[in-house]
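Novice: Sequence:
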Amino acid sequence: MSAETPAKKNYKDTVRLPKTDFPMKADLVTREPLRLAKWEAGGLYQRIMKQAAGRPKFVLHDGPPFANGDVHMGTALNKVLKDLIVKSKTMAGFHAPFIPGWDCHGLPIEFKVVKEAKDLAPAEVRTRSEAYARKFIDIQRQSFKRLGVFGDWENPYLTLAPTYEADIMRTFAKFLEKGLVYRAKRPVLWSYGAQTALAEAEVEYKEKTSPAIFVTFALVNPPPGLDGANLVIWTTTPWTLPANLGIALHPGFDYICGTFTHAASGRSLKLVIATSRLEAFQAATGFVLDPTHAPEKFKGSLLNGGAAQHPFLPRRSKIIEALFVTDDTGTGAVHMAPGHGADDYIAGKEHGLKILSPVDDAGCFTAECGLPEFVGQHVFKSNEGIIAILEGKGALLGNEKYVHQYPHCWRSKTPIIFRAVPQFFIRIAAFRDEALKAIDTVNWLPAWGRNRIYGTVESRPDWCISRQRTWGVPLPIFYDAEGQAIMDHTISLKVADAVETHGTNLWFEKDDAFWSDLVGLPEGSKRCKDTLDVWIDSGSSSVAVLDRHPELYCPADVYIEGTDQHRGWFQSSLMVSVAVRGIAPYKTVITNGFVVDTSGKKISKSDQGTDKAAKPMTADHYYNKYGGDMVRLWAASVDYQNDVPFSEELFQQTGESYRRIRNTFRVLLGNLHDEEKGKEKNPVDPANSVILSKQAADLPLIDRWILERLHSVLIDCLAGYAAYDFRKVVSTITQFVSGDLSALYIDITKDRLYCDAADNPRRRATQATIREITETLTKLLAPILAYTADETWEFLGHSDSVHLEAFPQPNSTFASTEATAAVEELLKARAVIQQAIEAARQAKKIGSNLEATVKLTLPEAGFTNPVFQDLPTLQEFFILSDLHITRGSELAASVEVCTHPKCERCWKLLPDVGTHDAHPTLCGRCAEAVG
RNA sequence: GGGCAUGUAGCUCAGUUGGUUAGAGCACCGCCUUGAUAAGGCGGGGGUCACUGGUUCGAGUCCAGUCCUGCCCA
Numbered sequence: 001m002s003a004e005t006p007a008k009k010n011y012k013d014t015v016r017l018p019k020t021d022f023p024m025k026a027d028l029v030t031r032e033p034l035r036l037a038k039w040e041a042g043g044l045y046q047r048i049m050k051q052a053a054g055r056p057k058f059v060l061h062d063g064p065p066f067a068n069g070d071v072h073m074g075t076a077l078n079k080v081l082k083d084l085i086v087k088s089k090t091m092a093g094f095h096a097p098f099i100p101g102w103d104c105h106g107l108p109i110e111f112k113v114v115k116e117a118k119d120l121a122p123a124e125v126r127t128r129s130e131a132y133a134r135k136f137i138d139i140q141r142q143s144f145k146r147l148g149v150f151g152d153w154e155n156p157y158l159t160l161a162p163t164y165e166a167d168i169m170r171t172f173a174k175f176l177e178k179g180l181v182y183r184a185k186r187p188v189l190w191s192y193g194a195q196t197a198l199a200e201a202e203v204e205y206k207e208k209t210s211p212a213i214f215v216t217f218a219l220v221n222p223p224p225g226l227d228g229a230n231l232v233i234w235t236t237t238p239w240t241l242p243a244n245l246g247i248a249l250h251p252g253f254d255y256i257c258g259t260f261t262h263a264a265s266g267r268s269l270k271l272v273i274a275t276s277r278l279e280a281f282q283a284a285t286g287f288v289l290d291p292t293h294a295p296e297k298f299k300g301s302l303l304n305g306g307a308a309q310h311p312f313l314p315r316r317s318k319i320i321e322a323l324f325v326t327d328d329t330g331t332g333a334v335h336m337a338p339g340h341g342a343d344d345y346i347a348g349k350e351h352g353l354k355i356l357s358p359v360d361d362a363g364c365f366t367a368e369c370g371l372p373e374f375v376g377q378h379v380f381k382s383n384e385g386i387i388a389i390l391e392g393k394g395a396l397l398g399n400e401k402y403v404h405q406y407p408h409c410w411r412s413k414t415p416i417i418f419r420a421v422p423q424f425f426i427r428i429a430a431f432r433d434e435a436l437k438a439i440d441t442v443n444w445l446p447a448w449g450r451n452r453i454y455g456t457v458e459s460r461p462d463w464c465i466s467r468q469r470t471w472g473v474p475l476p477i478f479y480d481a482e483g484q485a486i487m488d489h490t491i492s493l494k495v496a497d498a499v500e501t502h503g504t505n506l507w508f509e510k511d512d513a514f515w516s517d518l519v520g521l522p523e524g525s526k527r528c529k530d531t532l533d534v535w536i537d538s539g540s541s542s543v544a545v546l547d548r549h550p551e552l553y554c555p556a557d558v559y560i561e562g563t564d565q566h567r568g569w570f571q572s573s574l575m576v577s578v579a580v581r582g583i584a585p586y587k588t589v590i591t592n593g594f595v596v597d598t599s600g601k602k603i604s605k606s607d608q609g610t611d612k613a614a615k616p617m618t619a620d621h622y623y624n625k626y627g628g629d630m631v632r633l634w635a636a637s638v639d640y641q642n643d644v645p646f647s648e649e650l651f652q653q654t655g656e657s658y659r660r661i662r663n664t665f666r667v668l669l670g671n672l673h674d675e676e677k678g679k680e681k682n683p684v685d686p687a688n689s690v691i692l693s694k695q696a697a698d699l700p701l702i703d704r705w706i707l708e709r710l711h712s713v714l715i716d717c718l719a720g721y722a723a724y725d726f727r728k729v730v731s732t733i734t735q736f737v738s739g740d741l742s743a744l745y746i747d748i749t750k751d752r753l754y755c756d757a758a759d760n761p762r763r764r765a766t767q768a769t770i771r772e773i774t775e776t777l778t779k780l781l782a783p784i785l786a787y788t789a790d791e792t793w794e795f796l797g798h799s800d801s802v803h804l805e806a807f808p809q810p811n812s813t814f815a816s817t818e819a820t821a822a823v824e825e826l827l828k829a830r831a832v833i834q835q836a837i838e839a840a841r842q843a844k845k846i847g848s849n850l851e852a853t854v855k856l857t858l859p860e861a862g863f864t865n866p867v868f869q870d871l872p873t874l875q876e877f878f879i880l881s882d883l884h885i886t887r888g889s890e891l892a893a894s895v896e897v898c899t900h901p902k903c904e905r906c907w908k909l910l911p912d913v914g915t916h917d918a919h920p921t922l923c924g925r926c927a928e929a930v931g
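If you count the first sequence from 1, position 195 lands on 195 in my numbering, and the numbers rise without skipping.
Where hints are given, some of them may not hold.
Said to hold, decoys possible - Below, a list of computed lysine to any residue pairs in the SDA-like style, where the Cα atoms sit at most 20 Å apart:
#, residue 1, residue 2
1, Lys19, His798
2, Lys437, Leu180
3, Lys828, Gln875
4, Lys587, Ala92
5, Lys25, Lys625
6, Lys401, Asn383
7, Lys57, Cys554
8, Lys12, Asp759
9, Lys115, Arg427
10, Lys135, Thr618
11, Lys728, Pro645
12, Lys145, Met49
13, Lys587, Ala821
14, Lys174, Gly655
15, Lys828, Asp882
16, Lys381, Pro407
17, Lys413, Ser210
18, Lys174, Thr163
19, Lys437, Arg427
20, Lys625, Arg31
21, Lys750, Gln875
22, Lys38, Gln142
23, Lys393, Val220
24, Lys437, Val580
No wet-lab data here; the hints were simulated from the structure.
Could you put together the complete structure from these sequences and hints?
Specialist: The following block contains the structure:
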């Protein structure tokens, strides 16, 4: 062992390397739950609220997620965005309470419950549905808390709470009072097997063979050239013909009218067919267009408003035009039975057709069908008889077997029918204009959201608010002995009061006599069996939550949900609020896009458990594997106003940013290990700045520069938060950390921090600067990295949570950009120097920068900043041992191997190494520092 | 089919009122460092700015049309 070795070791011990217990490895998965437990035990959310009491308020109203299933990444994104807003508003000086909520009623839950156990009594369905909802509320609440979302988690609002349900009924009563509710028939999916209305989700598609027939309708008073002509319709449901009230043509399609002859029978008829369907029609029926006479040609719009004779009933069918008419099947003329089809209903309503639905609960014809011999007979059994009538009347042109996918009841397995039943509606037209005006009082982010909702409100039909379901809020309506609905809001209010104390189960548990007596109606009155559309539930939250909670108010400052809510919650909330109080329930509405997979396809909850389950999409997978802060950083990094592409690989990219930020914090903290006494405990002064103006003048250029940069970062981040642009905050900080701190400031100041004497003023200035930077960044990141920022804050020597802090205010001392201007010139020179050094390095002439002698040539013009006459600062900035400056034609740098001896301590190659007897292997600065 | 969006490097995104050679992060390649070390630094490759046409001295940016993808409808 040589005598040199111990000396080397000694010098290494004199180097002030960073020292911190702040771990490089975040280990978020184990550490975060501990911090969360500490927050909860200390009542952090309540303390934040208490501290903020009296400040200006900011109310973000939580749109209630459905209490069904685990937290999907899309749900996590939305909830974290809400939390970013609430936390950043809190730190910006607002009192921002967050009351989370859940949407608890509705078909998906009822569907699951009923699927598990069939034939349950309504009260039992409701008990089980509530238990189901509560189970998932707990699961989701745990996830949201684990994600670091702050809020009043022990007192959320639930749409199944009796008080909430009572408010839903009161909202409905308000609609009644204003005369906005009416009852009318409308087609629904009906299972005659289960004798109930079904929802889309309860329908399964199976193969079914139906008769497909072509039927003639003779034109009445046709335009010239079409005398004696017949429209031909095609249908697979002959039983709906008794309810036929119209025929739809496409206004833009080409139709022909010509003479058709049946080869076998020799029968001849004048028929109207869409040109594009001619060939298929001829093949199917055997009726062939007479080639000797040119057919009439016209657009579908020609016949609009005309009429055709019903083939076997004494009435006419109105001819209307409709864009949903297709030319892929049929004849281009569509049989319309508004009581038996959704399209038919809508088009029929537009054109003033009646709703005829002569079918009872069991699927049998009623007297209304106009065919006495069919009354009481099941519709599917009547197809043949109706076809026989058509044949007898000569109206049947063809009859085939047709195999198609047809909806069936998931329970009784019977084919479903469309059948019109009485429903309750809200008359939108009565307050549509008011709603449209309210839309323009709202700030929509992004701005196109305004047009989106305006369009839907403008074109939406009346709101069908009744459902033939069990798991929901009952319509507080009664029928009199004649079956007429009693539309009296005072009665509904009485029901609401009863429900407020006893819950809506009472409606299902008690009988009609009890209820009639309670609300003061005569014996024989019956209560309505329907429930309210769940969009009334959540749409009433401005009444049931914002108006009720003393710490909230309406209109709320912000609603933020996925884009699908323009037609959903944003709209239902708007309509309810406008109807009830005449204004929008929100001042600003923000939308976030959907989480989609990397091929741009939507990832829905229903894909869970299928083949796609290979790609986990639930939030717990991510916070259990990577940590809650990682999910938060991801949410803050994405462009949430558009759809958000997602995959685990993509998610891991945010891990890189996280590591970068964390490692930088670690170095910064490590370099504060021997901070001047008092600094580490320095209470935040009123200006929120550690560096006082009077010190600023003495700061070295590089420190002044980084503080100027920090000043601009701070301003950009505050603006980013104010604009809800979290991505901007993240990218600003990431670029500052990576580009300015890591690559430049820390690299450059290492030499002072490690090798200068402990109390050297420029070393102390650097430490003060580092504290200023670290405190500022920690606060700026606190809304996003809720856990990590809190951890960092602790390591900065603070005893309480960073979440009780406010954002720093910009320190005007660093608003100027003199140092920044100087550094910009320095960086141009640096780029040239680095390229020259890199060439020498690749040529194996040198290794580290410190082994180079650099000759920098500056152009005659420019580079006039005084710093270019300050060789020590230039050497420090470029991290060089040996630099020579000359002026020449253009900016250039050349590199040679430096010949000075190497200082054992600071590793620079300097001429004064060896000039100190006490330390023959050190440079002057190091010899002095070691003493 | 309609309404509203969207389309810039392998991936995710910036690109201000049209104006030099279109930027960043991640990924990738090469080198250095081993005193931020399960880290850090330097250099580098990579884009017909979806497509077509137009306005203009000049278009990623403005106009028209087409296509892709998403949401909401039909």
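Novice: Each hint: holds or not?
Specialist: Hint check results:
no.	hint	verdict
1	Lys19 x His798	holds, 18 Å
2	Lys437 x Leu180	holds, 19 Å
3	Lys828 x Gln875	holds, 15 Å
4	Lys587 x Ala92	holds, 19 Å
5	Lys25 x Lys625	holds, 14 Å
6	Lys401 x Asn383	holds, 12 Å
7	Lys57 x Cys554	holds, 12 Å
8	Lys12 x Asp759	holds, 18 Å
9	Lys115 x Arg427	violated, 35 Å
10	Lys135 x Thr618	holds, 17 Å
11	Lys728 x Pro645	holds, 18 Å
12	Lys145 x Met49	holds, 17 Å
13	Lys587 x Ala821	violated, 42 Å
14	Lys174 x Gly655	violated, 52 Å
15	Lys828 x Asp882	holds, 19 Å
16	Lys381 x Pro407	holds, 18 Å
17	Lys413 x Ser210	holds, 16 Å
18	Lys174 x Thr163	holds, 16 Å
19	Lys437 x Arg427	holds, 17 Å
20	Lys625 x Arg31	holds, 12 Å
21	Lys750 x Gln875	holds, 13 Å
22	Lys38 x Gln142	holds, 15 Å
23	Lys393 x Val220	holds, 17 Å
24	Lys437 x Val580	holds, 15 Å
Consistency note: the structure conflicts with the earlier hints numbered 9, 13, 14.
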